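**Student:** Model the placement of chain L with the ligands on the given structure of chain P, informed by the hints.
There are 2 protein chains.
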Amino acid sequence: MKKEFVVIGLGRFGGSICRALSDQDMEVMAIDKDEDRVNEYATIASHAVVADTTDEATLKSLGIRNFDHVIVAIGDDIQSSILTTLMLKEIGVNNITVKAQNDYHEKVLRKIGADHVVHPERDMGKRIAHNIISNSVLDYLELSDEHSIVEIAANNHLLSGKSLIDLDVRARYGLNIVAIKRGNDIIVSPQANEVIHHEDILIVIGADTDINRFEKKAMSS
Amino acid sequence: MKKEFVVIGLGRFGGSICRALSDQDMEVMAIDKDEDRVNEYATIASHAVVADTTDEATLKSLGIRNFDHVIVAIGDDIQSSILTTLMLKEIGVNNITVKAQNDYHEKVLRKIGADHVVHPERDMGKRIAHNIISNSVLDYLELSDEHSIVEIAANNHLLSGKSLIDLDVRARYGLNIVAIKRGNDIIVSPQANEVIHHEDILIVIGADTDINRFEKKAMSS
Ligand SMILES: Nc1ncnc2c1ncn2[C@@H]1O[C@H](COP(=O)(O)OP(=O)(O)OP(=O)(O)O)[C@@H](O)[C@H]1O
Ligand SMILES: Nc1ncnc2c1ncn2[C@@H]1O[C@H](COP(=O)(O)OP(=O)(O)OP(=O)(O)O)[C@@H](O)[C@H]1O
Ligand SMILES: [Ca+2]
Ligand SMILES: [Ca+2]
Ligand SMILES: [Ca+2]
Ligand SMILES: [Ca+2]
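Order-wise, the sequence lines are chains P and L.
Counted from 1, the first sequence has number 149 at position 149 by full-length UniProt numbering; the numbering is strictly sequential.
Counted from 1, the second sequence has number 100 at position 100 by full-length UniProt numbering; the numbering is strictly sequential.
If we strip away everything but chain P, and leave its shape as in the complex, we get (with noise of 0.2 Å):
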């Protein structure tokens, strides 16, 4: 069976994740108290209404219940968050998501139930942060507080034209290339003798403080 999600809130963030889900090919309600907003996503989600969330008899009247994962978009009317979030957990709905704007908005969602909060800006503001300290590191996964999985450009006389034997980064700095992107293609657990590229994009795995170590390395010069 599909599963049918609700947007409240069609913001940029809300926005895109009705835009997502849609494109995943998932059952969508898309809801906005300004008209305009909602038309915009009348094509894109499966039904898209004009509603304000924080009336109770509105709220049911959507049948609201009966969907499998409500997201909370709204953002600058944090009152108008909190209280559409109080009565979708009062309606019963097993699976709420609410963005926050800050500590305090996420302390009061959580207490009054909120199953996930999340925090687009200053998450993205992090990755982003990352991705502008080092000009090599293109995209990253944290797995824990100390390793993660990077994307390092090979566009640099030290690693392009090497061999992964030459380079021996398990040996020298502890790590593992998984996998290295050439173009569209993507070589996973490239051999010993694989030579890289200018233009390969190396998917690396290990301790950040190792990861740091070899991008320094590699990149100085």
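Just so you know, these hints were derived from the structure itself, not from any lab.
Be a bit skeptical, because a hint or two may be false.
Intra- or inter-copy, both count: the list cannot distinguish identical chains.
Distance condition first, Cα-Cα at most 30 Å in a straight line; then the derived DSSO-like pairs of lysine-lysine [unchecked claim]:
#  : residue 1 : residue 2
1  : K89       : K216
2  : K89       : K181
3  : K162      : K89
4  : K107      : K3
5  : K3        : K89
6  : K107      : K60
7  : K126      : K107
8  : K3        : K217
9  : K33       : K216
10 : K216      : K60
11 : K126      : K2
12 : K107      : K162
13 : K126      : K60
14 : K181      : K126
15 : K162      : K126
16 : K60       : K181
17 : K33       : K162
18 : K33       : K111
19 : K111      : K217
20 : K216      : K2
Fair warning: this is a prediction, and the values are worked out from it, not measured in the lab.
**Tutor:** Same frame as chain P, now just chain L with the ligands:
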């Protein structure tokens, strides 16, 4: 030499960048026209300045030209964002990253010479939609349009208690398990006889279609 950054606009997004850069011991000059916001970052950033960055004389007097990278995190006031970017470019700043509110905003920013344009709410919406659709995929790194590395929770009787040979995801799904996250440990390149624990998180690389297939199969019943 330490890299020096300027962050203009201390909302949630800009504030988070400022904090993350400062956490990594970078030199950061934090600027906002709102005094309260500047005060919030006075002890976090190296310098915190109240200034309207649409004023050219102000920008020049701050010596912004000498910084390595300027991040413009002004959101709602699109005109200020564009004007600030334009002036940074004219002053001769080398590296400018700007937050865009929509596609039109991005287009203008690129035309006037912004080096990087980011859409934090939109990107995070996509990420969170991904996480919401799947109960077992905890986090992911998009390698290409068709390949990803994903974190899959093993808390499922079809996975836990099995060895990697039992599962044989390579033959059956074309996937590779590049690591296992077990509490605070990361087991990189796990052996074939490694037995999966109920609390493990598998780090899996492969084609998205294969990952979806594996996830559906592993998670069914
Ligand atoms: N009570 C409510 N019922 C329904 N929709 C609401 C309610 N209150 C606010 N909204 C809607 O929530 C949406 C998101 O509000 P917000 O102020 O966070 O917008 P935004 O700044 O564009 O968000 P973003 O940070 O995602 O870009 C708006 O479209 C607004 O109309
Ligand atoms: N011309 C300007 N000069 C300096 N700072 C500015 C200027 N215009 C706006 N700002 C500041 O930019 C910051 C970010 O503005 P924005 O409206 O995007 O806030 P926000 O909605 O809190 O952002 P976020 O989406 O990151 O949560 C504000 O603190 C604002 O004072
Ligand atoms: Ca993670
Ligand atoms: Ca806003
Ligand atoms: Ca925002
Ligand atoms: Ca990526």
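**Student:** Now tell me, hint by hint, if it's right for this structure.
**Tutor:** How the hints compare with the structure:
1. K89 <-> K216: So K89 and K216 pass the 30 Å test across copies only (29 Å; inside, 50 Å).
2. K89 <-> K181: neither (45 Å within a copy, 33 Å between copies)
3. K162 <-> K89: neither (58 Å within a copy, 38 Å between copies)
4. K107 <-> K3: So K107 and K3 pass the 30 Å test inside one copy only (29 Å; across, 36 Å).
5. K3 <-> K89: For K3 and K89, only the intra-copy Cα distance (19 Å) is at most 30 Å; the inter-copy one is 47 Å.
6. K107 <-> K60: within (26 Å within a copy, 42 Å between copies)
7. K126 <-> K107: both (21 Å within a copy, 24 Å between copies)
8. K3 <-> K217: between (48 Å within a copy, 17 Å between copies)
9. K33 <-> K216: neither (51 Å within a copy, 36 Å between copies)
10. K216 <-> K60: neither (57 Å within a copy, 32 Å between copies)
11. K126 <-> K2: Answer is between; shortest inter-copy Cα gap is 19 Å, intra-copy 34 Å.
12. K107 <-> K162: neither (51 Å within a copy, 39 Å between copies)
13. K126 <-> K60: Answer is between; shortest inter-copy Cα gap is 28 Å, intra-copy 38 Å.
14. K181 <-> K126: both (24 Å within a copy, 22 Å between copies)
15. K162 <-> K126: neither (33 Å within a copy, 36 Å between copies)
16. K60 <-> K181: Neither, since 49 Å and 42 Å both go past 30 Å.
17. K33 <-> K162: neither (58 Å within a copy, 50 Å between copies)
18. K33 <-> K111: Cα proximity of K33 and K111: one copy only (26 Å, versus 34 Å across).
19. K111 <-> K217: Result: close neither inside a copy nor across copies, 47 Å intra and 36 Å inter.
20. K216 <-> K2: Cα proximity of K216 and K2: across copies only (13 Å, versus 48 Å in one copy).
Against the hints set out earlier in the document, violations occur for numbers 2, 3, 9, 10, 12, 15, 16, 17, 19.
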